[in-house]
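Student: We have chain A already, so just place chains B, C, D, E and F on it with the hints.
Chains as they are written, first to last, in the numbering used here: chain A, 5 to 121; chain B, 5 to 121; chain C, 5 to 121; chain D, 5 to 121; chain E, 5 to 121; chain F, 5 to 121.
Accuracy of the hints is not assured; some may be wrong.
The list cannot tell twin chains apart, which means a pair is met if one copy fits it or any two copies do.
Listed next, the in silico EDC-like pairs over lysine to aspartate or glutamate satisfying Cα-Cα at most 20 angstroms (straight line) [as the list claims (entries may be wrong)]:
id, residue 1, residue 2
1, Lys53, Glu87
2, Lys53, Glu82
3, Lys21, Asp69
4, Lys35, Glu87
5, Lys21, Asp41
6, Lys35, Asp86
7, Lys53, Asp86
8, Lys35, Glu88
9, Lys21, Asp86
These are computed hints drawn from the structure, not numbers from a lab.
Number of protein chains: 6
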Amino acid sequence: MSDSTPPLAEFHHFREKMNDAILAADNLVIKRFFSLDTRTYRAGALDAKTKELLGLVASTVLRCDDCITYHVVQCRKEGVTDEEFYEAFSVALVVGGSIVIPHLRRAVARLQELPAQ
Amino acid sequence: MSDSTPPLAEFHHFREKMNDAILAADNLVIKRFFSLDTRTYRAGALDAKTKELLGLVASTVLRCDDCITYHVVQCRKEGVTDEEFYEAFSVALVVGGSIVIPHLRRAVARLQELPAQ
Amino acid sequence: MSDSTPPLAEFHHFREKMNDAILAADNLVIKRFFSLDTRTYRAGALDAKTKELLGLVASTVLRCDDCITYHVVQCRKEGVTDEEFYEAFSVALVVGGSIVIPHLRRAVARLQELPAQ
Amino acid sequence: MSDSTPPLAEFHHFREKMNDAILAADNLVIKRFFSLDTRTYRAGALDAKTKELLGLVASTVLRCDDCITYHVVQCRKEGVTDEEFYEAFSVALVVGGSIVIPHLRRAVARLQELPAQ
Amino acid sequence: MSDSTPPLAEFHHFREKMNDAILAADNLVIKRFFSLDTRTYRAGALDAKTKELLGLVASTVLRCDDCITYHVVQCRKEGVTDEEFYEAFSVALVVGGSIVIPHLRRAVARLQELPAQ
Amino acid sequence: MSDSTPPLAEFHHFREKMNDAILAADNLVIKRFFSLDTRTYRAGALDAKTKELLGLVASTVLRCDDCITYHVVQCRKEGVTDEEFYEAFSVALVVGGSIVIPHLRRAVARLQELPAQ
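Extracted from the complex, chain A is given alone in its bound form (with noise of 0.2 angstroms):
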């Protein structure tokens, strides 16, 4: 990747040191949201690809890059294909708009990181 984004790799360690210095620091409530925001994603009526699809539109329009970076993952995971990751980055660019379009670039530069589904 370029554009003065760190590679996933360094990522994730800070995502994993900063969380653990979070939940370190015992606040009730920031630990029990940090385990409902898990749970949210779990199958249910919905099933896990659906739910991790919803998470990574709310995040592309809501623009947080470290955000999407998390669910394009997970739906990679859950075995989004290129062409559903381009229909839900369609659907979040027209209800979002133009400033969408420099997260999708990340978000794509994300997907090539990934191995190919």
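Tutor: Same frame as chain A, but now just chains B, C, D, E and F:
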């Protein structure tokens, strides 16, 4: 419904009337955007139901009541069940936080205006 | 109040009714989020008044009228004076800019609906 | 107008009344901000019409109906034609995406409330 | 420039490379959106300079650094002077508040990378 | 720190340098806004510590890393303890949702750069 929100029939009437006024102005970019917006939710690699759910969650985290109303109606047409609606709302709530809650209240009120699935 | 905003009693009525409907749907993530939301404002290292002021300013810069109404009422219960309200509003205004002003107008109208401190 | 939005006269009445209440609270930061807000749109290197168009597009992508109403009125006073309005709206729509559309509908309804140019 | 932002040449390189990758995916909605985005800023009832200023202010209040960079470059090409830039920034700052300031810093750093007008 | 964020000293250096450049442009509205911004956090009916906490939470829900860094430093100067920081963060997290988490990670990394309280 309550909370000063107009009933669904009035929402649709105002929406149609003003869309007509906007398109009558004959601005090429706006006309093409409206056409693109419609095309975005057509079935492709992702089916129409999944795309409408993506549109619903995007609209919810961006907190646009009219967009939520539109996609609640479309999702119902695509057969989204109550349990699936609430799982989609749960993703929007956790991603977007408690500021999403007032919009959830109005989304659920819209759902109550529609015939049960 | 005016500006098509419902009076405080109607706000509370709709809020209670729809919260009941949402919780009746029995979605675990949503129920836990609602419970967590309540717990967030309990006195801890920061007292309840400070936390409600934080909730008020967060709601104001995010421009959520219903959230502002809720926290204006809670702040008043915690003894926030008019002068303190306006200082909190001044922080929200400078951080969030002139787009915050319409929400300040409605926040002050809500304040006028409450018994004077 | 419809869609539960108050007519322009009521908008102006509420705006004036609440601005008076806010300024009467005599918070120095808020008073200076209001004064600065007015000064921002005065003709300088850019003329007043261009500045009002900038304010209109900023308000539209941030999706603040009251701010949009205010700048629609000001733009009309500065001689902005219907065709120019729609070109400004097209920029806001493409930058901000389909979530801008409900605000465009209300903006155009406001425009219809004003005397034709 | 500093603040970990890549220099303008690197910005352009990454932008071109990723736009090519996105368009190569051959998603019809995305391709049409990109084409529409370009068309939006063509001279019409409003001249190209005014439209680029609208795009700049929209990007600034939405706080998208890459979009700001793009429109700063385009505005300069259209002959926007330093004084006009700062007046456009002043509208964005007052509308969007102090959270806009970090983006102003980077916008001005971009301006310093360009040949003086 | 990591995650491509510049260290605190570099943040301060870039901030000072660019603020100087902005103020040197001598735009009256921008200069007054900067002066107003400073005045906003002065002790009044609310003490400086409470105001800095309000600024921190506002910056966090609006997801502006540079603003968060600034207020983390100011809060520490005002004697905010780790436990108080995490309670303020918990309000921001619940109001703003999981998209706030990447900013919390960077906020906590900034906190680790500062001398312990």
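Student: Against this structure, judge whether each hint is valid.
Tutor: A quick look at each hint next to the structure:
1. Lys53 x Glu87: both (14 angstroms within a copy, 17 angstroms between copies)
2. Lys53 x Glu82: both (5 angstroms within a copy, 18 angstroms between copies)
3. Lys21 x Asp69: both (18 angstroms within a copy, 18 angstroms between copies)
4. Lys35 x Glu87: between (36 angstroms within a copy, 14 angstroms between copies)
5. Lys21 x Asp41: within (18 angstroms within a copy, 26 angstroms between copies)
6. Lys35 x Asp86: between (34 angstroms within a copy, 16 angstroms between copies)
7. Lys53 x Asp86: both (14 angstroms within a copy, 19 angstroms between copies)
8. Lys35 x Glu88: between (33 angstroms within a copy, 15 angstroms between copies)
9. Lys21 x Asp86: between (30 angstroms within a copy, 18 angstroms between copies)
Of the numbered hints stated above, none is contradicted by the structure.
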